[in-house]
Amino acid sequence: MSRSLFLRTILRQNLIIKSPFTTNKSATTYYQYKSLSTSTVLAIQKYNNKRRRSNSVSNTSLSDAMLPPTKKQAAEQSYGVAKNGVEMKIMLSDKEARICNLLEQVSDYIAQTRSDLPRIESRIAGGWVRDKLLGKDCHDLDVAVNDMMGYEFATYVNEYLKTNGYPIRTIAKIDSNPAKSKHLETATTKLFDQEVDFANLRTEVYEENSRIPATIAFGTPTEDAYRRDITINSLFYNVNTKRVEDFTERGLYDLQHGLVRTPLEPFETFRDDPLRVLRCVRFASRFNFELVPELIDTVKNKVIRDALETKISRERIGIELEKMMTGPSPLYAIQMLHQLGLYKLVFEPPASITAGTVSDSSLAVRAVGAVQWLSNQNFEKLRPQSTDERRSLYLNSALLPFLGVSTEFKKRNIPAVHLVLRDSIKFSNNDMNASSTLFRGVPMFEQAVNNNEISRSELGMIIREMGNLWGIALKLSLVNELLQFHSDVQWDKPETIQVTESEICKKYHVLYEKAENYGITHCYQWKTMLDGKKVATVLGIRPGPGMSELMNQIMIWQLEHPDGTEDECKEMIKNYWETRHI
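Sequential numbering from 1 applies to the sequence shown in the UniProt record's numbering.
Honestly, I wouldn't trust all of these hints.
[What the hints assert, rightly or not] With a straight-line cut-off of 20 Å between C-alpha atoms, the simulated SDA-like cross-links for lysine to any residue are:
{"no.": "1", "residue 1": "K344", "residue 2": "T354"}
{"no.": "2", "residue 1": "K89", "residue 2": "C138"}
{"no.": "3", "residue 1": "K570", "residue 2": "M547"}
{"no.": "4", "residue 1": "K534", "residue 2": "M551"}
No lab work stands behind these hints, which were simulated from the structure alone.
Just so you know, these numbers come straight off a predicted model, no measurement behind them.
Full structure from sequences and hints, please.
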């Protein structure tokens, strides 16, 4: 019997394993066994001891645990990874304390009115516990209850409030919908102006060729903890006991040591839901944690990789990627996708390439690293100017391996990046159009920065073609050129880069300032001095396909003659028309 199957067998015999948060030096792990034989208890202890030895876990307190590796220092500052001698504590806000007190009172109320039910306990689950232990605020409050559906518990909350003369709140019931990967019925309401989700503790069994559970049933806290994606997300805060519960025995340790690990064997966890592979990458990049070696080995398993390709919808892959790109460290995320060989699985190239060659994913890592380096330089105008611009710059830098690559779509050649966004990660039409525009702008700006005599009209027409994306296009062009100009630099390790006064950066900075000095940073919003009807009247022609050329000439003239009048513009377009037809 495999270790994971053995564990599940034990869990179904009502085993409860608690690792409550304690301030005692011993931080003892408490075991409570119900109706288990002595031999079974010894087997469980042997299994847990083997896990401890295999992962070099000593029986020390949380406060005495070793520091995370040196490269985790940034994470310690940003995310509160516990330092040596510093205990992780959950500090409730006033609102959170009121919610917890209410939930405890509701449990007492149910015990008094429903003697036929076992004691109902409320546990705050998952991300809230993790973030609170890291000293971070979290506004997602997910409450798990035993032996009762979340909606039923929420109705008891309202019943208790009404009985005690308090106003009740609307409860939204969200049914399970396996077709949309929603396997758990939940209920949502507001308590003290805080949105709270209620669900039942559960256990589930999956079909071999599907990530949709074949059966879902009420589970114990232990079963619920082990079905979760990673140990740091499997922690509970027991509202009744006021304790953090670590039923996997690894969550608190991994949280303190900066490790991403699955509660069960990685193969079983990923086989049940292959998307968890990408969730592991996302959480590692979010908190600057490390993937444990056995997890890395499992991700490289062909069975798991095939399952990720075939069992998971592209929409769900795109959602995980979106969170990586908008998280605190897109570079770390792309590094892991590259190192795990997942880049082309996520950014799957089109089946037919008509021009160019898709570059190695190492280019994406270096490009994203260059963006991170650029974000910390003194060239203020070359840094991302907003959250949206940051997202776009990181995303399109990650897509640079597709620069210059074309594919056929509806009998015409289009940038391959368009189909990568549409089919591989299911991003929006806005993202598809933006990336196609930005990739078209990269060579334009590379030429522009090397033209010291670029005129107002030449630069203005580039800006107009890029629209409001011109600033991002300029920076993406800079990133692409940095990789070529400083090819010896380890862009995947921006903290080690010694390049401070790059000539390339200076040229792009000068070009940006030139646009400002020309007063054309928003010229993409300008309207032509003469509209199509006026042009047709002046020239005595009917509007037609050739009108766009005339309108472009008018805009070029406007850019070259910022003080020009409408009459002068009419004279210019007459001369242009007559000369054109000589």
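Hints, one by one, checked against the model:
Of the supplied pair hints, the one linking K344 and T354 holds, its CA atoms being roughly 18 Å apart against a limit of 20 Å. Restraint check for K89 and C138: satisfied, since their Cα atoms lie roughly 14 Å apart, inside the 20 Å limit. Proposed proximity of K570 and M547 is supported: the alpha carbons are some 14 Å apart, at most 20 Å. Restraint check for K534 and M551: the C-alpha separation of about 11 Å stays at or below 20 Å, so the hint holds.
Comparing the model with each numbered hint stated earlier shows that all of them hold.
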